[in-house]
Amino acid sequence: MRSPKLDTGFDSNPSKDFLRREYDKAIISQWRAELGKPLKYFGLPAWKMLDVIEWQQFIDRFTTIEREEDQQHLMFLKANVENVEHRLHSLYGEFDDILLNGRDTFGHRPEWPYELVNLDYFGGFIYADFSRPKALRKLIENQAIYEQSFLFIITQQLRDRDTKKEKSGFLKDLGRSLKSGILDSTVYPAVDEIISWYEDADIPDCARQTLYMNYFLRDWGEAEHFDVACRPAIIYPGTGGSWMIHFVTDFRFQSGIGHRVASNQSLLELINLGLLEAREKGFVPTRFVQPKLSIRKQT
Amino acid sequence: MASEVDEVKQNAVADSVEDSEELFYAAAVQILSEDLYPRKLEIIREYIQNASDALDDWMKISDLIPSDRTEPQIKVSIQGKSVLIFDNGIGMTEEDIPKLKRIAYSEKRVGEEAGYKGIGRLAGIAVAEKLKITSTSYGDPKLYHFEFRAADMRKDISDKKKQGVNEQASPVIKRHTSTWWTDIDPADHYTLVEIRNIKDSCDELLDSDKLIEYIGDIGPVDFSPEFTHGAVISENLQRRVPDYSPKTIYLSRPDGKKIKVFKPYNNEMKIAAPQFMDIPDPNNAGELLAYCWYTSNAEEILGKMRPTGKIFQVEGDAVEERRRFAGLVYKLFGFTVGDRSLPERTLWTTARARAPWFTGEIHVVDKNVQPTTPRSDFIENAARVRFYAEAQKRIPPILKNLAQEISDNRKAFQDAKNIRQKLDKYKTQLENAGIERSDLKIIKEELDRSFRKLNIRKNATDKEISAYQKDVRRFGETIQTALSDPKKLKPGYSVSDLVKELDMPSKARKVFQIVMDTLQAHYSKDKDEYDAIAGKIHKALKDKYV
Chain F
8 MRSPKLDTGF DSNPSKDFLR REYDKAIISQ WRAELGKPLK YFGLPAWKML DVIEWQQFID
68 RFTTIEREED QQHLMFLKAN VENVEHRLHS LYGEFDDILL NGRDTFGHRP EWPYELVNLD
128 YFGGFIYADF SRPKALRKLI ENQAIYEQSF LFIITQQLRD RDTKKEKSGF LKDLGRSLKS
188 GILDSTVYPA VDEIISWYED ADIPDCARQT LYMNYFLRDW GEAEHFDVAC RPAIIYPGTG
248 GSWMIHFVTD FRFQSGIGHR VASNQSLLEL INLGLLEARE KGFVPTRFVQ PKLSIRKQT
Chain P
219 MASEVDEVKQ NAVADSVEDS EELFYAAAVQ ILSEDLYPRK LEIIREYIQN ASDALDDWMK
279 ISDLIPSDRT EPQIKVSIQG KSVLIFDNGI GMTEEDIPKL KRIAYSEKRV GEEAGYKGIG
339 RLAGIAVAEK LKITSTSYGD PKLYHFEFRA ADMRKDISDK KKQGVNEQAS PVIKRHTSTW
399 WTDIDPADHY TLVEIRNIKD SCDELLDSDK LIEYIGDIGP VDFSPEFTHG AVISENLQRR
459 VPDYSPKTIY LSRPDGKKIK VFKPYNNEMK IAAPQFMDIP DPNNAGELLA YCWYTSNAEE
519 ILGKMRPTGK IFQVEGDAVE ERRRFAGLVY KLFGFTVGDR SLPERTLWTT ARARAPWFTG
579 EIHVVDKNVQ PTTPRSDFIE NAARVRFYAE AQKRIPPILK NLAQEISDNR KAFQDAKNIR
639 QKLDKYKTQL ENAGIERSDL KIIKEELDRS FRKLNIRKNA TDKEISAYQK DVRRFGETIQ
699 TALSDPKKLK PGYSVSDLVK ELDMPSKARK VFQIVMDTLQ AHYSKDKDEY DAIAGKIHKA
759 LKDKYV
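Chains as they are written, first to last, in the numbering used here: chain F, 8 to 306; chain P, 219 to 764.
In isolation and in its complexed conformation, chain P is listed as follows:
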């Protein structure tokens, strides 16, 4: 039955479309290249992706060529209005070069390399006058040159459109591309892409600082050796993520400085020690779907950097800039997929406010999880469904609990620290001028409230914070004891001294004595309260009459 249906379908197609007719028109090339990359920096990612794959391919065979000891690397530079991306990877062969003209043609296999759609290599044609690619592979004495005259093609298509002519894609591409070769040392192997004479409207591609930041954010680079936690994270990623292979990427700035690009994490960010999490494959015991590292901001507490329960922030002026690393980010073959809101949107169903407390990376291990062409998400397939479901089960619950724990510990420490400060103040007062008896009631009440609060938070999971709480509690007890010792307080208010000071007439003196005696008798069971009231009366009389 199925074959009958297929036969009918084939016949139907044959009726409407000639076999020789091309179904792809020139304008589509332009539309595809222009609309795929709303953020022009993404064009650079496409070339770095190809360069990264070329380095991986070279490294698979480089052991066979011991004479070649060049460090595999990608170099990005800006010259005039050109961006150049160079890699000393596997290079291209004579057969590869004509294939550069083919749109969406790729011999890379899905899940084995970062790029596989065959679109990215022509990404530059949307933004430049020309795309020039030069490449050679080891053992080949020819250096191959490919040129795509993009501006001419755009004008050609536009002119034809005005004339109402819809030209097929192939002749237009052939007309505006050239390939040739020159001689080269057969030991050479590299590829240079020049995106030449970039449009003024896309000048961010010529901004070296933006490129460094962007490549560090999205590229398959390692952590800076200066970043304290970098080595530990890298070691774990090497161990747990099979395809984790950070690349050496340099960027030459127009001032002549050559910058090695690293991931954006550094010690100035004040980051707590990282933690790690497996996202296991439920169908294959021992296999991973993904591996995650995460951390939060930290501050120095009790001589050590400890996590703080706040939205992850770095130095910066605008809020958006300060929060640019808040949230985890997906990585596939070392490249970023989506932005830092994607894990929040795809994994967190509740308590989403806690998601930006953390920064980190979720490295996807499952090769069936593939990125969309603009790399804004993963392609909707069964692998993605499974990956998101498993990640949902693990990442948000663990991070939520951790956030709660961080928050509890931070608050426990903060409360203990506040009480400690008060206690230190009272201790100093006791050691110096002493404490007024009239203030004693308020002080005692305040300390009681603080200790009640401290007791509520007595379960700090951080052992050192817990020990600090206990120290504060013990210290508080000694202060409370000292406050109960009349010898350590200032003498109470004397009626006779005030009477003399105010020079009260005899009758007033007697009345005042009666009032104070009555109050003292009334508060005989609450001496602190009497002292507080007596103190207020003394102060009021002195303010009025002295």
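One chain only, chain F, in its complex shape:
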């Protein structure tokens, strides 16, 4: 008999455990209390389903996407061992394809809408064909069709090979957006200053990624009538020397509004959210401190 064929892959580490068991769990618990019922989960939990198992007291049914057949089989096994097999709805295929086509390899659909979405990606966010941002946008659109508020958790691997051109274009757009929303032109230099800080090739990509991701989530959410509240992104060491970045965002649907929603959290507040860094069993002061954008009223 052959030795292990399965690369059981990414499991967890103390920092990830801390986020899952304490940070995320506390926020999910609040959502559960607020909704008054268990949350319906949609995510990419990997076959051990550490998140689903950890949060199962707050979760009702959970839809998972798995693209590896053997991993999916192990997920079935895990669900049976953990006695949650009846709550599992497992889709098979590529996440982006399923979101964009609405069906998995076997023609089965997600059970929209969901109250908790946890996309624990292995990879990065931007690929050449932009299929992932398109898929995320589709996810938000689907939630909006059902007018369903939800908690959106995204974890990505920080990769410097993410398209730099895309991010620099984004920063220019962000600068223009900020300026167009500020009547007082004396503040413009402060905006330019912070944009150029982010554009600096020497700053770590996690800082750019934080701003980039939160901005897009907010932008897409508002376009679909969600009031979006971002939290500081959290970076933590992943497996194999990589760094992971973790976003937890509230999407609250605003019923009866035809126009684009303006979130309670201002763009300024979003830019100034900053970063947190998790190490082992808690947060530590981060080495990546970005400047704050400050808009003082003229006297």
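Read the hints as simulated data drawn from the structure, not as lab findings.
Mixed in with the good hints there might be a few duds.
As the list claims (entries may be wrong) - Derived BS3-like pairs (lysine-lysine); straight-line CA-CA distance at most 30 angstroms:
1) F:K145 to P:K475
2) F:K55 to P:K629
3) F:K32 to P:K475
4) P:K629 to P:K640
5) P:K522 to P:K379
6) P:K718 to P:K528
To be verified - Every beta carbon over 10 angstroms from chain F, so not counted as near; a handful from chain P, in silico:
7) R372
8) D377
9) D406
10) L410
11) K417
For every residue, glycine included, the Cβ atom is placed at its ideal position computed from N, Cα and C.
Given the coordinates of chain F, work out where chain P should sit on it, guided by the hints.
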């Protein structure tokens, strides 16, 4: 002499077949797996059978591992186009896994476990793209994986056939199967079978309602705790059937509901109290060949559910659906053998129409009685002959007599009830407006007929029905007495009143008086008959002239 013959035979074989030649070809694997299960749901039975045996094996040793308190169970679920069968039984060892590739190889001993032919574990290859089995046993730190790429194998065989190539079975099976292992907690023990990407033509395997119904029908499950008679039947089966050990089987529906599967009997079926019957072993005093429980439909009679003499029926639209539990069914190791027509065909030589009056189970105890591979009957052997012969001697005669008794009691009650209704009607009439004298003869005749009928059925064996009959008879006597009392009847017809009412001329009046006087004189000994005729004449004249 015998050894000489054997020697000759051996030589003859050696002449025609090389020792190294395999006699089993790849296409046979496909034919075997596809043709064995005309009803695709039977494939699920094979895996539940293996899971059930694994639970039995685990329970034999589980007392030695007090730290493991997991409830032994089988769980069936559907994910996408896969059916999954999980059990937390004994699991498989490293030695067991490669043996999964062997066709019709089994180390289970006949008569000791539900499955023993070594064919069922690969049943899924006929209907799916892949068969994936994952298993570990207690104390083993390895989780073993087995994969049978069935669709690839089918295509391979078909392509080879087109090329005119007959490939031997072993290399083909080896080419399309893989085994490997991963690390696991040594305390784990379970098996998961995934029948993956099931063909569209076999989609009934992905229908959770059909699976629940099928597993309840054929599986080794217990009675629902809500079924009134379940506990009594289960208790008797535990006591009389040595291997009776119902399993906990759950089925997860696609809507997220987890259903515990039970036998199909429930209170909505309106079932009479069950009865039990031993089928003793004639060669071993005190031993059983089989044990049977049976019952029939019931309805509430005199405040109690009593058997009714009709074909056993449940709610349903089509006749076939309503009669799906009519007849007894054979059970072996808790699994159904054959359908409900099999006992009728194998045991009832006469009065077969009475067989479907009952529902129930015949649990085979004799371990020498073995099922055929498709479980449509028992293998023809001496044990089956003996079992059928003994069951024939007991089950049909007892059920026929019971059917007769049920029928007699039901008819006795029905007749008494009909008479009671008539008597109640007459009682009300007597108490209110009274009864016309002209109707008295008909009423009396009707009551006489009814009581004659009641007397024919006076031997109801059901004591309460018999008592009811007596009550009705006594009540009838009081009504008959009341009907004989002229004071309790309406006054008879008066000639003078009618004459006035019709304003008859004098001559007609006299003629009418003569006719009526003559009739009265003629029926002087049968006053009721006179009243009946007088009543008809009065009615006819009034209809014509008033």
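Verification of the supplied hints:
1. F:K145 to P:K475: 29 angstroms, holds
2. F:K55 to P:K629: 66 angstroms, violated
3. F:K32 to P:K475: 25 angstroms, holds
4. P:K629 to P:K640: 17 angstroms, holds
5. P:K522 to P:K379: 67 angstroms, violated
6. P:K718 to P:K528: Not OK: P:K718 and P:K528 at ~60 angstroms, beyond 30 angstroms, violated.
7. R372: Non-interface label on P:R372 holds, nearest chain F Cβ at 18 angstroms vs cutoff 10 angstroms.
8. D377: 23 angstroms, holds
9. D406: 7 angstroms, violated
10. L410: P:L410 is in fact no farther than 10 angstroms from some Cβ atom of chain F, at 5 angstroms.
11. K417: 12 angstroms, holds
When each numbered hint is compared with the structure, violations occur for hints 2, 5, 6, 9, 10.
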